[in-house]
Amino acid sequence: MNITQYIFWFLSFLALLSALMVVFSKNPVYSVLYLIITFFAIAGHYVLMSAQFLAAVHIIVYAGAIMVLFLYTIMMLNLNKETEPQKKTYIQIIAIVALGLLMVTMIGSIKGAEAAQPIADAAGIGTVEKLGDVLFNKFLLPFEVSSILFLSAMVGAVYLSKKNLQ
Amino acid sequence: MDPLLIKAIIVLIVFAITLLVATYSTWGERKVAAFLQDRVGPDRAGPAGLFQPLADAVKMFMKEEIIPSVSNKWLFVLGPCISMLTALMTGVVIPWGGELTIAGQTFDLQIVDLNIGILYLFGVVSLGVYGIMIGGWASNNKYSLLGAIRASSQMISYEIAMGLAIVALVMTTGTLSLKEIVQQQDAGFANIVYQPLGFIIFLICAFAETNRAPFDLPECETELIGGYHTEYSSMKLGFFLFAEYINMFVSSMVIVSFYFGGYNFPFQHEIGLEGNILTFVQTGFFFLKVSFFVFFFWWVRWTLPRFRYDQLMNLGWKVLLPLALVNIFVTGLIMYFTGNL
Chain A
1 MNITQYIFWF LSFLALLSAL MVVFSKNPVY SVLYLIITFF AIAGHYVLMS
51 AQFLAAVHII VYAGAIMVLF LYTIMMLNLN KETEPQKKTY IQIIAIVALG
101 LLMVTMIGSI KGAEAAQPIA DAAGIGTVEK LGDVLFNKFL LPFEVSSILF
151 LSAMVGAVYL SKKNLQ
Chain B
1 MDPLLIKAII VLIVFAITLL VATYSTWGER KVAAFLQDRV GPDRAGPAGL
51 FQPLADAVKM FMKEEIIPSV SNKWLFVLGP CISMLTALMT GVVIPWGGEL
101 TIAGQTFDLQ IVDLNIGILY LFGVVSLGVY GIMIGGWASN NKYSLLGAIR
151 ASSQMISYEI AMGLAIVALV MTTGTLSLKE IVQQQDAGFA NIVYQPLGFI
201 IFLICAFAET NRAPFDLPEC ETELIGGYHT EYSSMKLGFF LFAEYINMFV
251 SSMVIVSFYF GGYNFPFQHE IGLEGNILTF VQTGFFFLKV SFFVFFFWWV
301 RWTLPRFRYD QLMNLGWKVL LPLALVNIFV TGLIMYFTGN L
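Protein chains in written order, with my numbering: chain A, 1 to 166; chain B, 1 to 341.
There's no promise every hint is true.
The following label-pair restraints were derived from C-beta to C-beta distances [claimed, not checked]:
1) L140(A) to L54(B): 57 to 65 angstroms
2) S50(A) to F267(B): 51 to 59 angstroms
3) L77(A) to V193(B): 42 to 50 angstroms
4) K142(B) to I7(A): 39 to 47 angstroms
5) I200(B) to A153(A): 28 to 36 angstroms
6) L20(A) to I200(B): 43 to 51 angstroms
7) N27(A) to V193(B): 50 to 58 angstroms
8) L19(B) to V97(A): 35 to 43 angstroms
9) V23(A) to V70(B): 22 to 30 angstroms
10) V104(A) to T222(B): 58 to 66 angstroms
11) N276(B) to L20(A): 51 to 59 angstroms
12) F139(A) to M313(B): 33 to 41 angstroms
13) M103(A) to V170(B): 41 to 49 angstroms
Below, a sample of chain B positions facing chain A; criterion: calculated Cβ distance under 10 angstroms [what the hints assert, rightly or not]:
14) N115
15) I134
16) G136
17) S153
Keep in mind that the hints were calculated from the coordinates and are not lab data. From the three backbone atoms N, C-alpha and C, an ideal C-beta is built for every residue, glycine too.
Chain A with its partners taken away, still in its complex shape (with noise of 0.2 angstroms):
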């Protein structure tokens, strides 16, 4: 094994170790980052597979904004044993039912899908050039239309927080 075939194994034991306590951490803080430092192994993948760019916008968003907003939501909301709301019975088994089939699904296409073949021109694929001219010429029209979307969902959730809308 070369060196990044054991930094390979090493992020993915601790994507996968850490993403297991955020869901067995007691304590909604520490699931929260927990949750950080899989979003850390997950961009060290990103660097393995030479996507740079791809690797630092995933910290940019991610770790550095969008966690944020989880820390401080939960520090807000001071919880503890004696105030967490407990679900009913028939919810719980909803929820499972749910995520058995979600699971199933995910299995599914897992097993139907063919390995990736890897690609010739792998050095320098994931740079912002690269990423850039491919996103502007080839995927301009998806690209515009997802940013779209992406304003909709900001006016959504603009409109959403005013309480006193007429």
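Following the hints, complete the assembly by docking chain B onto the known chain A.
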């Protein structure tokens, strides 16, 4: 020599210089504050109080370390560590000077020239808030928590305007590498000529991101005792305070590299300096420019009163964000009509 060894030496030098500058920033700030308020300032330890930072450091290490019994121990220790770590990590992509030739080998005065240097910088800055948030929350003190919450909302708000200011800069320079940005300013004018509005937005956001006055609400002592570091003592408090000074130094370096030509100075190729001497003079000029901005940070602190929290949010979201968007739009229009697309 082994290139890896050279890199290691550069890393060590940058680390040492950053710590030294941050240490003496504390002395400089107190001297400037004293001057602005018609006082003498620290003058007991050594000539002109020059050993004051050393005395402070000894004091910090010698004080009793208190970890509150109701706090979250691990996270309480982790907070200052993250603050310090992220503060030191930002200096990696800064170009300190041109090329240096020693024993026939040429190497750059920069730790590493990432092709996504700006994004790296931005990513590390956006992580800096975790130190404050975790530290403030783990203290299990309502004032600390309020400080941490203020810090996080403030940083998120100003990061957006800062990022958009950088977008306009990236549009005109066409690169994300700090070294290339600095080299372009050698050939043409400094970027401040092309991006005056972007510079002002970036500067204001830099004040907010480093938690410096007039945006130091996370540690607003009149309302929150000490803000997020109320419960901290000894060197853990020192780390928080020290990280702020390092951030100030690094922000100044970034401002100089982005908008004021980095290590370049006017007529540098006409005055007949070459090779290593030119590089040393360049680094000298770089430090001169950086010193001015560090001084500017102190100057503003002792000139402007602190913002109120709603004013801070209004400034971030209703003034700086639209201005940054207008800046991008105008930059795009000018680039389109002058054919620099």
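Enumerated hints in conflict with the structure, sorted upward:
2, 8
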